[in-house]
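Since the structure of chain B is provided, determine the placement of chain V on it from the hints.
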Amino acid sequence: MGIFDKLSGWLLSIFGKRHVAIGIYGPPNAGKTTLANRIAMDWAGDVVGESSEVPHETRKIQKKDRIVIKQGKASLTIDLVDTPGIATKIDYHDFLEYGLDEEEAKKRAKEATEGVIEAIKWLDNLDGVILLMDSTKNPFTQVNITILGNLEARELPFIIAANKIDLNGSTPATLKSAFPKHEVVPISALNGVNMDLLYEAMVRKFGKKRK
Amino acid sequence: MEIKVNFISQEKLNGLGEQEKLKFILEEVRKGQILVLEQGLTAEEQAKLIEMTMEKVNEKFSGIEMESYMSEKQNFWGRLLGKKRARMTIVGPADKIKTVYRDKDVIKAVIVGKR
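For the protein sequence lines, the chains are B and V, in the order given.
Position 132 of the first sequence, counted from 1, bears residue number 132 in this note's numbering, the numbering being contiguous throughout.
Position 38 of the second sequence, counted from 1, bears residue number 38 in this note's numbering, the numbering being contiguous throughout.
Rather than coming from a laboratory, the hints here were simulated on the basis of the structure.
Model, not experiment: these values are computed from the prediction.
Cβ coordinates follow ideal geometry from the N, Cα and C atoms, glycine included.
Heads up, a few of these hints could be off.
To be verified - If you want the footprint, here are the derived chain B segments under chain V, 3+ residues with CB under 8 angstroms:
hint	segment
1	85-91
2	137-144
3	180-188
Excised from the complex, chain B in its bound form:
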């Protein structure tokens, strides 16, 4: 190792400046694209994709590269990866309730299945994950348990973000008690509430060198 590498390694250890790929994972309609857009708008003045109330709006991986998040003297450069929602079942009939015609619904269902596969495969390309859960819903779902188990098995650093705290019925404390061993940050991606806490956690957690 040359003297330059040693010096840059020493500076990295102090200021934690790193370039990492961070994925946003969770079930459909947890607010993943809304969060990706919030992060991209806050630090790059741009959006990543369109969000919608219709489940499985995001059916392909969407990326925004080289977003620099700054926290005091530390900064973190991330390639932000917005993933399709993970589900164990996709029934095209569910989309008909949102006003889609049968052909559109079937097409959406097909694309959504491909999106789930792509999202799972992308776990192998990431340095860290924001696991996004809807704080108005029961956190003990199989999708949450499966994603969490995979992050633990891969030893990927992750933060659980309890989204939608602006809504009535939101209980972020339930998420904290459900996953006591993990860091849970309550946020509203839509209104930008507590995003400073999330950015602080991201720089701290994802800025560390992985073993």
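Below, chain V alone, put in the same frame as chain B:
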């Protein structure tokens, strides 16, 4: 109304490789069977099963309902391989089994039978 649930022994699943095991589970579920696995799936196996399920989803098969309790403690082989395994896994077709409540200790599911 008759509802059939198949309890699959640990020995049966241990005799199969990962791919074979998941293929067996998915084929049974696609036939409409509800399975209770004595030895649950690892998180990676669960993710792989979701991937394989998504490849098979069509107008007649909408996917699976799966519920697992992950073990807090790992056995010797789990520690060695770094794999945490569910204590038990229930898996069935999404149109036949629906989870109505779940917390860290209780799973309540409804099995929908056809009259």
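Comparing the hints with the structure gives:
Note: the segment 85-91 of chain B has 6 residues with beta-carbon separation from chain V under 8 angstroms; the three-residue rule is met and the coverage holds. Only when three residues or more bring their CB closer than 8 angstroms to a CB of chain V does the claim for the segment 137-144 of chain B stand; here the count is 4, and the claim holds. Proximity of the segment 180-188 of chain B to chain V, defined as three or more residues with a beta carbon under 8 angstroms from a beta carbon of that chain, is not established by the 0 residues found.
In terms of the numbered hints stated before, the structure departs from hint 3 and from no other.
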